[in-house]
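From first to last, the protein sequence lines are chains A and B.
For the first sequence, the numbering used here begins at 5 and goes up steadily by one.
For the second sequence, the numbering used here begins at 8 and goes up steadily by one.
Worth flagging that the hints you see were computed from the coordinates, not collected in a lab.
The reader is advised that the hints may include incorrect statements.
[To be verified] Derived pair list, reagent style EDC-like, types lysine to aspartate or glutamate, alpha-carbon separation capped at 20 Å:
| hint | chain 1 | residue 1 | chain 2 | residue 2 |
| --- | --- | --- | --- | --- |
| 1 | B | Lys295 | B | Asp365 |
| 2 | B | Lys295 | B | Glu236 |
| 3 | A | Lys114 | B | Glu236 |
| 4 | B | Lys157 | A | Asp30 |
In this text, all values refer to a predicted model and were calculated from it rather than measured experimentally.
The lines below spell out each chain.
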Amino acid sequence: MQALVIVAHGSHLNPDASTPTYEHADTVRKTGVFDEVRTAFWKEEPSFREVLRTVESDEVYVVPLFISEGYFTEQVIPRELRLEEWDEAAWESDGTSATHATLEAADVGKTVHYCGPVGTHDAMSDVIVRRAETVTDDPDVGEGFGLAVVGHGTERNENSAKAIEYHADRIAERNRFEEVRALFMDEAPEIDDVTDFFDSEDVVIVPLFVADGYHTQEDIPEDVGLTDDYRTGWETPATVEGHRLWYAGAVGTEALMADVVLERAAEAGADVGDAVETVRRRTRVAGAETSADAGAGD
Amino acid sequence: MNDEQLDALVAAAAEGVECDGLRVSREPAGFRFETPDGDHGGLDEADLRAVADENPWFVSNWYYWTEVDRPAVETAFLRWLEGADGTAVPERYEALAEGVDAAWGELEIEVGLGDDGHRTYEVRHAEDADRPVEDLEVYADPLEARELVKYDDRGRYRPLKTAPTLASGWAFVDLDGRSLVRAVDVVYPATVTNWHLEREGELDVSHWRETMERQTGIYGVIETWDRGEGHEHVEWVAEACCVDSQCLKRREWEYDDGTDLAVDGGDGEFPCREPCSLVVAAARKWTKLEGEESQTYEFELTPSEKEQVEDIIDAVADGTAEEIREADVYEGANRYRTRFLRAKRFDDEGNLCGVPTDEE
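The task is simple: from the sequences and hints, build the whole structure.
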């Protein structure tokens, strides 16, 4: 038996923080490739501390629904899961390259395949692009559009910015969008000045956050000038300083994120069959069918 | 009982069967079939089938508890629900036919008899115990409970799943054992597992000190709260957060391995094995606040006003402020009385009796 456990931050204050985690778990569950699919949270229940004991399987794939490597993925989660042999050198990561490490959880004696966070996986670039497609409702969005990949950024953790820049660079190399920029809330270059960084009239803003909350629903809309007061709402697209800004909140709410979770587990050795393809097909933007998968019937 | 169960019994007889008073074995003289009501020996297979056929409850009960593949924790919980370890099979089947109720936190779980001795389970809020199921929102998929547990009856987010504020008005019906345990695990995560570990004598409790010592980042500060002045502050935390009125888990953690807390751990069926994330977050705030030194302030209050301040603190701490009627000015925490007190005793900066918080 193999189990998938998706671990995420959750919130004591925001009821929507856990919603994307539940939804991606449901998407993976429907593929039927894991005997069990569970979720666990730092701030909600079951806690990281207790989730493994609720799992029957002896092989457990743990995928952190976090954006970057750092404090949570390297210290908090391994500690709380009781992965006593954990050493962050096990990932041999440069800050964005962690894949997985196989360890034993001390309290339950199960084999835990501890994966790198979803946010640094290469497939995350596709989710960001998909987010742009979803926001604009255009599966071919790109020509004439700029793309702003937005991260929190923090002086305390250099990996936080690395993940954002990594994907911005990868997407830029595809030459699909006219311009791609990595922008931040708490360090330069700042999202407040978003229109200064783009020549394109249309700019899609994709925040690299797991769930919608304070930052994506309050700070960023006000910072970029979509609204003076988040409580009064905003329109997408909205015209700001001569640019049309397209904004629809956290990338983590994009259905394709379930695919990244699966890819992480598969690389750690999970048998996921053709679930990756199934999820990609099921989560596509309406109108994005290709001849290869049109009429798949689900 | 059905043919599959009977065939399984005959097949298992060679190895020996023992469950809730039923014993079946193969001896040199033939099969032996025993229940508390009778002992039949020297049976050939046809005889065994005949006598088993006359005791269908014992056979289906054995089949349900031993031939259905389920983890030990699930078996233990489901058997506990129907009182399997303390009630003989015939009495239990008669009770199950009527429906056997068990309580788990605010849940009422009813066990009934399905076809051929299989059990069916229903779960709802205990407050809805006597309501006809037609009056309730009926669900079948345990995962749908995720939305039911998110908000209380007043629509407020419930960050603590074991808070005694579970919303009512719903029911999961016709569940099998697996689905029932999943539903309970969504409502009260990990409680069944920890309850089972406790029964097996294997519950791993992390006491206050060790739990706080492992905190890092913004929570690392909690460790500094111990400044050699005893552990009264942990008593206050437990009294504030970990009593039955606030959480249905039974607190099993203490100050440390050798130092119990005086505050009662509560009467919950399922144990709490370490301070939860809400307690940790609150303790971080208190650690900072408790770093302040006391100051002496001088206020002018009438005796009734002093009592009113005490009433207000009680009402907020107990969550009863909302229950005080609009016009009930006899209650100290009544809104109009409180507004009068503020109008009279606060200055323009919101200082009680005009006394500034920080000395000038």
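Outcome of the hint check:
Among the hinted pairs, lysine 295(B) with aspartate 365(B) is consistent with the structure: their alpha-carbon atoms are about 17 Å apart, no more than 20 Å. Of the pairs offered as hints, the one joining lysine 295(B) and glutamate 236(B) holds, with about 16 Å between alpha carbons and a cut-off of 20 Å not exceeded. A C-alpha spacing of about 41 Å is found between lysine 114(A) and glutamate 236(B), which places the hinted pair above 20 Å, so the restraint is violated. Restraint check: the Cα-Cα separation between lysine 157(B) and aspartate 30(A) comes to about 17 Å, which is no more than 20 Å; the hinted pair holds.
Violation of the numbered hints given earlier is confined to hint 3; every other hint is satisfied by the structure.
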